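Peer 1: Listed here are the chains, written in short residue letters.
Number of protein chains: 4
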Amino acid sequence: MIVYFKNMRTRDELKQEAIFEATVKLVNQTGFVAGSVAKIAREAGVSPATIYIYYKNKEDLLVSTYKAIKQKIGVAFLKDFDDSLPVRDILKKLWDNGFEYISIHSEYFHFAEQFSNSPYAEMVDRAEIEKLFEPVFKVIERGIAQKIIKDVPFEVLSIFIYFPIMTLSNKRLHGDLIITDEIIESAFKMAWDAIRY
Amino acid sequence: MIVYFKNMRTRDELKQEAIFEATVKLVNQTGFVAGSVAKIAREAGVSPATIYIYYKNKEDLLVSTYKAIKQKIGVAFLKDFDDSLPVRDILKKLWDNGFEYISIHSEYFHFAEQFSNSPYAEMVDRAEIEKLFEPVFKVIERGIAQKIIKDVPFEVLSIFIYFPIMTLSNKRLHGDLIITDEIIESAFKMAWDAIRY
Amino acid sequence: MIVYFKNMRTRDELKQEAIFEATVKLVNQTGFVAGSVAKIAREAGVSPATIYIYYKNKEDLLVSTYKAIKQKIGVAFLKDFDDSLPVRDILKKLWDNGFEYISIHSEYFHFAEQFSNSPYAEMVDRAEIEKLFEPVFKVIERGIAQKIIKDVPFEVLSIFIYFPIMTLSNKRLHGDLIITDEIIESAFKMAWDAIRY
Amino acid sequence: MIVYFKNMRTRDELKQEAIFEATVKLVNQTGFVAGSVAKIAREAGVSPATIYIYYKNKEDLLVSTYKAIKQKIGVAFLKDFDDSLPVRDILKKLWDNGFEYISIHSEYFHFAEQFSNSPYAEMVDRAEIEKLFEPVFKVIERGIAQKIIKDVPFEVLSIFIYFPIMTLSNKRLHGDLIITDEIIESAFKMAWDAIRY
DNA sequence: GATGAATGAGTGTTCATTCAT
DNA sequence: CATGAATGAACACTCATTCAT
Numbered sequence: 001m002i003v004y005f006k007n008m009r010t011r012d013e014l015k016q017e018a019i020f021e022a023t024v025k026l027v028n029q030t031g032f033v034a035g036s037v038a039k040i041a042r043e044a045g046v047s048p049a050t051i052y053i054y055y056k057n058k059e060d061l062l063v064s065t066y067k068a069i070k071q072k073i074g075v076a077f078l079k080d081f082d083d084s085l086p087v088r089d090i091l092k093k094l095w096d097n098g099f100e101y102i103s104i105h106s107e108y109f110h111f112a113e114q115f116s117n118s119p120y121a122e123m124v125d126r127a128e129i130e131k132l133f134e135p136v137f138k139v140i141e142r143g144i145a146q147k148i149i150k151d152v153p154f155e156v157l158s159i160f161i162y163f164p165i166m167t168l169s170n171k172r173l174h175g176d177l178i179i180t181d182e183i184i185e186s187a188f189k190m191a192w193d194a195i196r197y
Numbered sequence: 001m002i003v004y005f006k007n008m009r010t011r012d013e014l015k016q017e018a019i020f021e022a023t024v025k026l027v028n029q030t031g032f033v034a035g036s037v038a039k040i041a042r043e044a045g046v047s048p049a050t051i052y053i054y055y056k057n058k059e060d061l062l063v064s065t066y067k068a069i070k071q072k073i074g075v076a077f078l079k080d081f082d083d084s085l086p087v088r089d090i091l092k093k094l095w096d097n098g099f100e101y102i103s104i105h106s107e108y109f110h111f112a113e114q115f116s117n118s119p120y121a122e123m124v125d126r127a128e129i130e131k132l133f134e135p136v137f138k139v140i141e142r143g144i145a146q147k148i149i150k151d152v153p154f155e156v157l158s159i160f161i162y163f164p165i166m167t168l169s170n171k172r173l174h175g176d177l178i179i180t181d182e183i184i185e186s187a188f189k190m191a192w193d194a195i196r197y
Numbered sequence: 001m002i003v004y005f006k007n008m009r010t011r012d013e014l015k016q017e018a019i020f021e022a023t024v025k026l027v028n029q030t031g032f033v034a035g036s037v038a039k040i041a042r043e044a045g046v047s048p049a050t051i052y053i054y055y056k057n058k059e060d061l062l063v064s065t066y067k068a069i070k071q072k073i074g075v076a077f078l079k080d081f082d083d084s085l086p087v088r089d090i091l092k093k094l095w096d097n098g099f100e101y102i103s104i105h106s107e108y109f110h111f112a113e114q115f116s117n118s119p120y121a122e123m124v125d126r127a128e129i130e131k132l133f134e135p136v137f138k139v140i141e142r143g144i145a146q147k148i149i150k151d152v153p154f155e156v157l158s159i160f161i162y163f164p165i166m167t168l169s170n171k172r173l174h175g176d177l178i179i180t181d182e183i184i185e186s187a188f189k190m191a192w193d194a195i196r197y
Numbered sequence: 001m002i003v004y005f006k007n008m009r010t011r012d013e014l015k016q017e018a019i020f021e022a023t024v025k026l027v028n029q030t031g032f033v034a035g036s037v038a039k040i041a042r043e044a045g046v047s048p049a050t051i052y053i054y055y056k057n058k059e060d061l062l063v064s065t066y067k068a069i070k071q072k073i074g075v076a077f078l079k080d081f082d083d084s085l086p087v088r089d090i091l092k093k094l095w096d097n098g099f100e101y102i103s104i105h106s107e108y109f110h111f112a113e114q115f116s117n118s119p120y121a122e123m124v125d126r127a128e129i130e131k132l133f134e135p136v137f138k139v140i141e142r143g144i145a146q147k148i149i150k151d152v153p154f155e156v157l158s159i160f161i162y163f164p165i166m167t168l169s170n171k172r173l174h175g176d177l178i179i180t181d182e183i184i185e186s187a188f189k190m191a192w193d194a195i196r197y
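Each protein sequence line maps, in turn, to chains A, B, C and D.
Using this note's numbering, read the first sequence as starting at 1 and increasing by one per residue.
Using this note's numbering, read the second sequence as starting at 1 and increasing by one per residue.
Using this note's numbering, read the third sequence as starting at 1 and increasing by one per residue.
Using this note's numbering, read the fourth sequence as starting at 1 and increasing by one per residue.
To be clear, the hints were calculated from the coordinates, so they are not data collected in a lab.
Fair warning: this is a prediction, and the values are worked out from it, not measured in the lab.
We put the CB at the ideal spot given by N, CA and C, even for glycine.
The reader is advised that the hints may include incorrect statements.
[Stated by the list, open to error] Chain B stretches covered by chain A per the calculated footprint, using a threshold of three residues with CB under 8 Å from any CB of chain A:
| no. | segment |
| --- | --- |
| 1 | 110 to 124 |
| 2 | 143 to 155 |
[Claimed, not checked] Simulated crosslink set (DSBU-like; lysine-lysine; CA at most 30 Å straight-line):
| no. | chain 1 | residue 1 | chain 2 | residue 2 |
| --- | --- | --- | --- | --- |
| 3 | C | Lys25 | D | Lys67 |
| 4 | C | Lys92 | C | Lys58 |
| 5 | B | Lys39 | C | Lys15 |
| 6 | B | Lys92 | B | Lys58 |
| 7 | B | Lys15 | B | Lys70 |
| 8 | D | Lys189 | D | Lys79 |
| 9 | C | Lys39 | A | Lys58 |
| 10 | C | Lys58 | D | Lys171 |
| 11 | B | Lys58 | A | Lys171 |
| 12 | B | Lys92 | A | Lys189 |
| 13 | C | Lys131 | D | Lys189 |
| 14 | C | Lys147 | D | Lys171 |
| 15 | D | Lys147 | D | Lys92 |
| 16 | B | Lys39 | C | Lys171 |
| 17 | B | Lys171 | A | Lys58 |
| 18 | A | Lys39 | C | Lys15 |
| 19 | B | Lys79 | B | Lys171 |
| 20 | C | Lys72 | D | Lys67 |
| 21 | C | Lys171 | C | Lys79 |
| 22 | B | Lys189 | A | Lys93 |
| 23 | A | Lys150 | B | Lys92 |
| 24 | C | Lys56 | A | Lys58 |
| 25 | A | Lys39 | D | Lys39 |
| 26 | A | Lys58 | C | Lys147 |
| 27 | B | Lys93 | A | Lys189 |
[Said to hold, decoys possible] Short derived list, chain A residues pointing at chain B, Cβ under 10 Å:
| no. | residue |
| --- | --- |
| 28 | Ala18 |
| 29 | Ala38 |
| 30 | Phe109 |
| 31 | Glu113 |
| 32 | Asn117 |
| 33 | Ser118 |
| 34 | Ala145 |
| 35 | Gln146 |
| 36 | Lys150 |
| 37 | Phe154 |
| 38 | Phe163 |
| 39 | Thr167 |
Could you build all of it, start to finish, from the sequences and the hints given here?
Peer 2: Set out below in structure tokens:
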């Protein structure tokens, strides 16, 4: 049993979280371009100056938010990761994890996408992000070695097995299409057909 | 007395084109956020006020530029479109056209992508854009009817046959990978494997 | 006879002058530290943005204002400069010119002094300013050569013949003392006693 | 139990001194304008809030610092003051004391000068400062009575006997000139020639 | 048609100061 | 006594847009 004492969470943590949420929410609502520090502050219910206590500057705010989101996404994708299963099953699990997380936190994906297409994207170390997905890389490599997966660069494989998750989760890109379990299922079949040997 | 010869490009057309090019160039260089009207004007060698002669406001400038680019891309993709060929060959032709055009006009794709991830994206009528690709839709429909292509919504198919072109053309997304003819070839094979029946 | 047509002065010149006057006035009233761009703009009756049409940034505004003032002061000091007179008479004329100009434009001197003690002072080329006073340097050199003036570095001489003018014009430094013609006279005698051979 | 020994410097005194030094240092480094309370606090190794324990507000901090410096300077100038010597010798001693102290504590002079040219200068009682130099006034008065020194207001005398020390110590005002003992010597001769009867 | 000048509203950021702990 | 957190107001500067010419 977990007991939360009064003030167990300090004032700061609450505030930092409020800023995080506000940043994500605002970018979702009005886009990266219009996401000004003042607006984020108002959304978070704090003074603009307060943001500069927790973050060095706007870039730091956005980059840190992006990294935190990528961390969350990485953990969610790898939930119940089991190395010993067949490659296809592992990828299916990742795929399902992805869509499950999206259904709960689509705003994280939207933020990540907006961020990736902004000039700030260059300020994050890609290697740092990719490390989160290293177990997946290992599986893919094994699949290639066992001639289960096509022998093409990883970047190309990801276009068919990772990006579709992002694209399907993006309302702007597929308009009125409702993402049912059936569609998720058949899309995975397509992704697997694309990459399998 | 001023005489305009047939097909002569008037001063105005030249200016509008200069604004178009400047808009694309600036968004490519400094991103959507930093692409201010004043900077576009300077780049185009005109006064900021002049831009408001040709476009109602900044939104109009960007949306119009996007539409014009989409038009150019649509035409390029459908070059030498031949309805009578097998479905696979038609799609392969589109695929190759796409990469050829990208190699010449990557700045158009970059602009389009930035635009898609901006709040302005909601201001364009998707149907209008999609009309450009109608012949392709027809082919796909035929493919589905003939059980050559999987019977899934068009939006899902496009994730595997259209988006990969965009993704592969985006330097930011695939890092150091150099897009060779061989990669284009094998990526198409994967796309086709994904969508074929 | 000079005729001023209506609109002979363009709108801009009036505005630039208003900004110049406002800059001087504000620094006089509230000191260099408190002289913000917004306040200067309000004083000049223009928008803050307008200042950035005429000046690149705040530094440019202040440095340009300083240079313009130094120019005015230089011209005023050298009024009716006559090379052929005895050294003492030339310096006396400069001295009197200085106090005459101060009695009309003490705000220029106050601005110049404030500027000299600000970090912006380093941004002006001293040589450029000193060129305005070159004729005086020549006279001093002659005085030294003829053993009329003490043979010490020019910087030391100026402490006794130039700085006293500035100091006496500074109300803050001499408190309640009223600068009469008699004081100006006897102060020059002291200055001359200091530098003469 | 905490025991304070006689003459032991308590934590508080050390902290106040740290703030004093930090204030002087920062104004020397970045000028009066950029010397923010937060920066002074960081330089002193204390919290901004701590400064408000020792000083009512920023004005109080700066004014107090100025007064303390003026006190130090006053004491230094009057070191080994001997009423019984001839007027000229007394002033020479003051002059030499001044330059000696400048060579050790130029940062105090720089601060004092910056302060004098700030709006805060009006907030100090000049009489309070002048009292420190009262013994000098007496000597001057005696000199005037004995017809050794010119009979002009004290404010005018100080322009030739006190301000030159400040001006010569100001690197910004005399550029590349290096202040040697010889220059100090001849400058005093000039100052004396200026004021002597 | 084309422009440079002009601007109110906004940008990101720092300020002096207060307050709960 | 000492502090880090917090803030409204100000900072220098840029924005999209309008307007007189």
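Peer 1: Please go over all the hints and tell whether each is borne out by the structure.
Peer 2: Status of each hint after checking the structure:
no.	hint	verdict
1	110 to 124	holds (count 8)
2	143 to 155	holds (count 4)
3	Lys25(C) - Lys67(D)	holds, 29 Å
4	Lys92(C) - Lys58(C)	violated, 38 Å
5	Lys39(B) - Lys15(C)	holds, 25 Å
6	Lys92(B) - Lys58(B)	violated, 38 Å
7	Lys15(B) - Lys70(B)	holds, 21 Å
8	Lys189(D) - Lys79(D)	holds, 21 Å
9	Lys39(C) - Lys58(A)	holds, 27 Å
10	Lys58(C) - Lys171(D)	holds, 25 Å
11	Lys58(B) - Lys171(A)	holds, 25 Å
12	Lys92(B) - Lys189(A)	holds, 21 Å
13	Lys131(C) - Lys189(D)	holds, 29 Å
14	Lys147(C) - Lys171(D)	holds, 28 Å
15	Lys147(D) - Lys92(D)	holds, 18 Å
16	Lys39(B) - Lys171(C)	violated, 48 Å
17	Lys171(B) - Lys58(A)	holds, 25 Å
18	Lys39(A) - Lys15(C)	violated, 35 Å
19	Lys79(B) - Lys171(B)	holds, 25 Å
20	Lys72(C) - Lys67(D)	violated, 36 Å
21	Lys171(C) - Lys79(C)	holds, 25 Å
22	Lys189(B) - Lys93(A)	holds, 25 Å
23	Lys150(A) - Lys92(B)	holds, 19 Å
24	Lys56(C) - Lys58(A)	holds, 25 Å
25	Lys39(A) - Lys39(D)	holds, 28 Å
26	Lys58(A) - Lys147(C)	violated, 66 Å
27	Lys93(B) - Lys189(A)	holds, 25 Å
28	Ala18	violated, 23 Å
29	Ala38	violated, 15 Å
30	Phe109	violated, 12 Å
31	Glu113	holds, 7 Å
32	Asn117	holds, 4 Å
33	Ser118	holds, 6 Å
34	Ala145	violated, 18 Å
35	Gln146	violated, 18 Å
36	Lys150	holds, 7 Å
37	Phe154	holds, 9 Å
38	Phe163	holds, 6 Å
39	Thr167	holds, 5 Å
When each numbered hint is compared with the structure, violations occur for hints 4, 6, 16, 18, 20, 26, 28, 29, 30, 34, 35.
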